[in-house]
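Use the sequences and the hints to build the structure in full.
Line by line, the protein sequences are chains A and B.
Quick note on my numbering: the first sequence kicks off at 163 and runs consecutively.
Quick note on my numbering: the second sequence kicks off at 495 and runs consecutively.
Please keep in mind that the hints were generated in silico from the structure rather than gathered at the bench.
Be aware that a few hints might be false.
[Unchecked claim] Which residues of chain A face chain B? A partial, calculated answer using Cβ under 10 Å:
| id | residue |
| --- | --- |
| 1 | VAL208 |
| 2 | VAL330 |
| 3 | THR348 |
| 4 | PRO369 |
Backbone N, C-alpha and C fix where the C-beta goes; we use that ideal spot for every residue, glycine too.
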Amino acid sequence: MAYNWNWQVFLQPSATGEGTYLSWLLEGLKWTLTLSLSAWVIALVVGSIVGVLRTVPNRWLSGLATGYVEIFRNIPLLVQLFIWYFVLPELLPVNMGNAFKQMHPLTQQFFAAMLCLGLFTAARVAEQVRAGIQSLPRGQKNAGLALGFTLAQVYRHVLLPMAYRIIVPPLTSEFLNIFKNSAVATTIGLIELSRQAQQLVDFTAQPYEAFIAVTLLYVAINVTVMFLMRALEQRVRIPGFIGGK
Amino acid sequence: MYEFDWSSIPGALPLLLKGMAITLEVTATAIVVGIVWGTLLAVARLSQNRVLAFLAAGYVNLFRAVPLVMVILWFYLIVPQALKAIFGQGIGDIRLTSALVAFALFEAAYYSEIIRAGIQSVPKGQVAAGLALGFTPGQTMRMIVLPQAFRNMVPLLLTQAIILFQDTSLVYVIGLSDFFGTAYKVGDRDGRLVELLLFAGAVYFMICFTVSRIVKRLQARFSQ
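Quick look at the structure:
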């Protein structure tokens, strides 16, 4: 098996004439980061709301939140993505569906992937938020209520500030997951990193260089995120709790 | 409004069942090989041998840093060439083989982390007692630590199996017709993608939801 290694392939002008193959990789990196970070914002916001709702003393609301988590956790991410991308535009009122289909393909792919990844991860974030809130002694909530806080104020000033700090480690792993899961967007054609890896294989016939480069970029993202989240973890950890001093 | 037409599903059921068989084959292989290989990795990672521990940690961390889609594509690149080198030309469809290898090696990294935590949850006195009774370290691990560790891990291992079952749909990227791939192809062929995708989602949901309920019951029984 003689394989001709040629790392200079990245410096060659690309087949489409726009920049080099290296610039394809960077384009992929840009979309992976944009997609993951914007989906993470959705995941944090929606996940926090759903997680809080699962703990409120209202059967109807907590049931609704439980339903959300169960649906998004028990359907494969790929199936969810295809439903967002192929099914939803058909089910929307005709003019809205058509408006979506007339957008630039990249815009369509990006929005479908962002919503999908964001709401999928939100279900996982919600479970962590719920676990964080439930790990607090019940006395904290009761003390807040006894002091005359409304339930909303208890959450805002007592429970959530503690819960968020406790769940930084599990949130870190969800944050790492969102970057990895963003690779699923390759299936609907979004030009993120793993898509670019396949494109490079098709255009340059140097599969190993392309795959190694993309794999290293994913590892680099992973290491960077872990480093940043460790720093955050150290800053916010609570004295007296697990991992705290 | 969209008009649903579910009529292409009944006729496609035999095909879909065939796809489900592939999905289950990949899942089952990855669970069995993943747990065996994952146990070895976990033991290696906890061993006194620095080199062994370092290699095992490197394996686990590398696989956990890379998206599953990339891993599947990697093995689709490597496996055919490896097979060609071993068996020569004339190998048939290698998509299933490369998917099986990819999932087994990938899941082993995740299983090994669960198993490592399980081993560490066994009280140290158990190891000391085993050694004091004259068991070798290998025997202590095999006959005293691992049986207790696995008992604690059953719910987590099953939860990971549910995630794995869902993840197998990603073989779509190499064009293997598992349950989801078949559903997509049928929908595309009949122009009924909407119905087939919703149907696939519903089937996955029912299976995963049911199994996760069972896991919850088990968990409640184990923690008693």
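Checked hints:
no.	hint	in the structure
1	VAL208	violated, 19 Å
2	VAL330	violated, 19 Å
3	THR348	holds, 6 Å
4	PRO369	holds, 5 Å
In summary, the structure is inconsistent with hints 1 and 2 from the numbered list given earlier, while agreeing with the others.
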